[in-house]
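In order, the protein sequences belong to chains A and B. The opening residue of the first sequence carries number 0 in numbering that gives the first Met the number 0; numbering runs sequentially from there. The opening residue of the second sequence carries number 0 in numbering that gives the first Met the number 0; numbering runs sequentially from there.
Worth flagging that the hints you see were computed from the coordinates, not collected in a lab. Computed from a prediction, not measured in an experiment: that's the story for all the values here. Worth double-checking, as some hints may not be accurate.
Think about it this way: if two alpha-carbon atoms lie no more than 20 Å apart in a straight line, the pair counts; the simulated EDC-like pairs of lysine to aspartate or glutamate are [stated by the list, open to error]: (1) Lys271/A / Glu452/A; (2) Lys588/A / Glu172/A; (3) Lys521/A / Glu59/B; (4) Lys305/A / Glu239/A; (5) Lys305/A / Glu23/B; (6) Lys716/A / Asp103/A.
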Amino acid sequence: MSTTVSRADTDGPPPGGVGRRLSARSIVIWVAVALVGAVSWTVLALARGESVSALWILFAALCSYAIAYRFYARFIAYKALRVDDRRATPAERLQNGRDFDVTDRRVLFGHHFAAIAGAGPLVGPVLAAQMGYLPGTIWIVVGVIFAGAVQDMVVMFFSMRRNGKSLGQMVREEIGIVGGIAALIAVFAIMILILAVLALIVVNALAESPWGVFSIALTIPIALFMGVYLRVLRPGRVLEATGIGVVLLLLAIVGGGWIEGTELAEALTLSKEWLVLALVVYGFVASVLPVWLLLTPRDYLSTFMKIGVIVLLAIGLLIARPVIQADAISQFAVAGTGPVFAGSLFPFVFITIACGALSGFHALISSGTTPKMVAKESQVRLIGYGGMLMESFVAISALIAAVVIDQGLYYAMNAPAGATGGTPETAAAFVNGLGFDTTAQDLAAASAAIQEETLVSRTGGAPTLAVGIAQILSTAFGGGGAAFWYHFAIMFEALFILTAVDAGTRVGRFMLQDTIGNVWKKFGDLSWRPGTIIASAVVVGLWGSMLYIGVTDPLGGVNQLFPLFGIANQLLAGIALTLATVLMIKHGKLKYAWITAVPLAWALTTTLTASFQKVFSSDPRVGYFTQRQLYADALANGEVLAPAQDVGQMEQVITNSTVNGVLQAAFALLTLVVLANAVVVIARAIRARGPVPTTEEPAVPSNIVEPSGLFATPEEKAAIAEQERLVGAGARGHGTFTQEGPPR
Amino acid sequence: MSAAGTVREITGRAWRGVCWYLREFSGEARWDDYLRHCAEHGHEPMSRREFERRRADAIERNPVSRCC
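Please model the complete structure; the sequences and the hints are all you need to start from.
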């Protein structure tokens with residue numbers, strides 16, 4: 000480990016970036032963008048009672064992103080971080096054609112986006128729609144600009160200056176061993192929880208849906224075929240194989256419609272418990288199989304599907320121009336009595352929408368993989384900040400899909416079965432009781448339109464989102480087809496959730512083997528089969544049992560587990576922002592520490608308030624231990640409390656709320672340990688009055704010339720031409736392979 | 000240049016751009032890079048099958064995390 004004091008900071012400002020005056024043309028453009036944004040926000044905020052187009056949400060978000068990217072991200076990159084394109088990045092210095100590899104900024108942007116975007120930004124906003132459209136929209140946009148995108152970019156920058164060290168390594172080396180161990184445990188635990196919650200969403204979307212199960216099950220043979228194709232038949236022809244895969248996938252979706260009423264459909268009508276078993280077996284097998292056979296081809300499929308659907312949805316929105324059905328701020332925002340999840344707007348909206356606004360999990364990808372491939376330091380703005388803006392855009396699209404569907408249907412779908420009673424009649428009565436119009440016939444018609452048995456209590460967010468997407472796309476492209484689009488959307492979500500589940504199981508397995516390998520060397524050897532199998536079984540067993548708890552929870556798994564997941568994810572963001580703030584101060588940038596300290600303070604306020612309420616609240620709908628007490632007392636008196644139906648379910652509620660409460664408290668404590676350790680380090684650094692030694696790698700001059708942003712400026716084009724003239728074409732970074740093997 | 004010629008040139012450039020991006024994004028272009036590298040240094044390139052096998056082995060050891 001080398002220990003240096005940052006050099007570039009004392010060398011005068013790096014060239015480029017800040018300080019140039021805006022031309023008259025850009026002033027006109029940016030004033031126009033600001034005006035459109037301001038008008039959109041005004042319409043959203045002031046509209047009451049009249050019909051509002053959902054496009055206002057879209058424009059408000061896009062204009063805000065553009066301004067934030069142009070001005071705030073630039074300020075952070077050039078003024079605060081002082082990105083310096085004269086310094087060689089680790090990709091250039093350590094190029095080995097595998098993990099360290101100079102990658103075109105646009106290609107890396109795509110890879111980074113594909114790695115950070117998943118089901119999180121799609122599900123959170125759907126659930127948070129119960130608070131109305133405004134709180135979710137504001138948090139997604141403001142949160143990403145000042146917290147989420149800042150975290151991703153700053154963590155990526157600091158990791159890049161340290162040869163792509165992981166979040167856990169940086170916490171251990173820059174904050175301390177206590178904080179490091181706490182962070183390591185937190186990361187592992189949060190990963191397990193994320194896998195369980197993601198799998199729960201898939202289970203809820205596929206249960207009792209033969210069409211969905213049929214299409215999703217077929218993705219496995221399709222991926223296997225692609226794997227064999229790429230390995231044996233035509234090695235390396237990824238685009239060909241993916242093209243074939245996508246066509247087969249679409250056939251699988253269409254084919255699901257044909258099996259209705261057949262014996263096959265009956266066989267594929269699976270209960271949640273069977274689906275849990277299927278997922279656990281699948282997760283285990285996928286994590287021990289060689290990656291080329293299943294994981295890699297599935298990843299190609301899900302990545303292309305992901306990007307395709309996002310583009311399709313954006314076009315669909317522009318054509319369909321749907322009208323918002325939800326209130327700006329719903330009755331549940333203040334009362335905290337919403338059926339989708341309990342608790343009031345503050346803090347729970349900020350917990351429910353994690354990915355899309357601020358996601359701690361991104362810090363794991365922004366440190367480690369991506370920074371080892373960045374060509375120029377200034378590109379962290381495009382890849383880190385820009386990538387997260389893109390994810391936020393996905394979250395906004397999901398929010399729109401949830402607020403343009405009939406709100407009676409929304410609540411019938413998202414309230415747990417214990418509340419709706421599970422039939423259209425009881426669900427309609429329940430929803431009418433909340434003050435929304437719907438009838439049993441309406442609910443039955445809605446499910447018939449998409450050829451599903453029922454839509455009542457299809458919790459988890461995925462079915463609601465699919466209904467919204469189906470409505471938008473079938474309006475935009477005409478010809479009905481709602482059933483196709485619904486199952487298309489379900490397939491798209493399930494596909495990349497399954498990719499996240501098998502990739503996550505694998506990463507968890509590596510983490511476990513690595514950690515135990517410190518004590519028991521043999522176990523850390525990745526080629527030792529028994530170790531691989533035991534570690535995989537442990538990881539799958541952990542998320543599988545959490546999943547089982549969620550699926551069988553009489554109170555409704557999603558509304559119990561999703562807050563836990565959201566809080567854990569944001570607490571991880573708290574750890575990442577703590578690290579970022581410590582590094583800002585250690586590098587002598589105390590003046591700019593607010594850039595990460597303010598979002599840190601906000602994240603801690605919301606998550607610790609939420610954690611406190613989840614642990615100590617006297618409202619049994621919110622506080623896990625009060626809930627436990629309520630059911631334990633009732634059980635002692637021989638009573639059965641609804642929605643539990645027998646003594647067994649009563650005991651289940653007691654166990655589940657205990658487990659959830661303990662986990663909740665443990666996550667909060669781990670974060671506080673990291674924070675306490677950080678405060679000591681910060682105090683020491685401030686007393687030193689200036690930069691203190693860090694593990695930053697010393698500066699080495701760069702020989703690569705590459706543009707910073709998405710498009711090359713005329714100056715950058717001239718600089719590239721000049722470089723090519725000097726060193727000859729083809730020498731710009733690419734193709735310096737070592738003899739050990741080919742690039743990844 | 001005629002208007003049709005300009006349109007053809009612009010679509011041609013866009014199409015080549017998309018193809019370039021897809022090949023780079025999917026990793027197919029790595030093979031082209033490798034061949035160019037071998038040509039520059041006068042190495043005998045390995046077979047495509049062997050090359051892709053080594054790439055897959057590298058991915059095997061370096062799992063890429065997928066986020067929520």
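Structure-based check of each hint:
no.: 1; hint: Lys271/A / Glu452/A; in the structure: holds, 15 Å
no.: 2; hint: Lys588/A / Glu172/A; in the structure: holds, 19 Å
no.: 3; hint: Lys521/A / Glu59/B; in the structure: holds, 19 Å
no.: 4; hint: Lys305/A / Glu239/A; in the structure: holds, 18 Å
no.: 5; hint: Lys305/A / Glu23/B; in the structure: holds, 18 Å
no.: 6; hint: Lys716/A / Asp103/A; in the structure: holds, 15 Å
Hint compliance for this structure: every hint is met.
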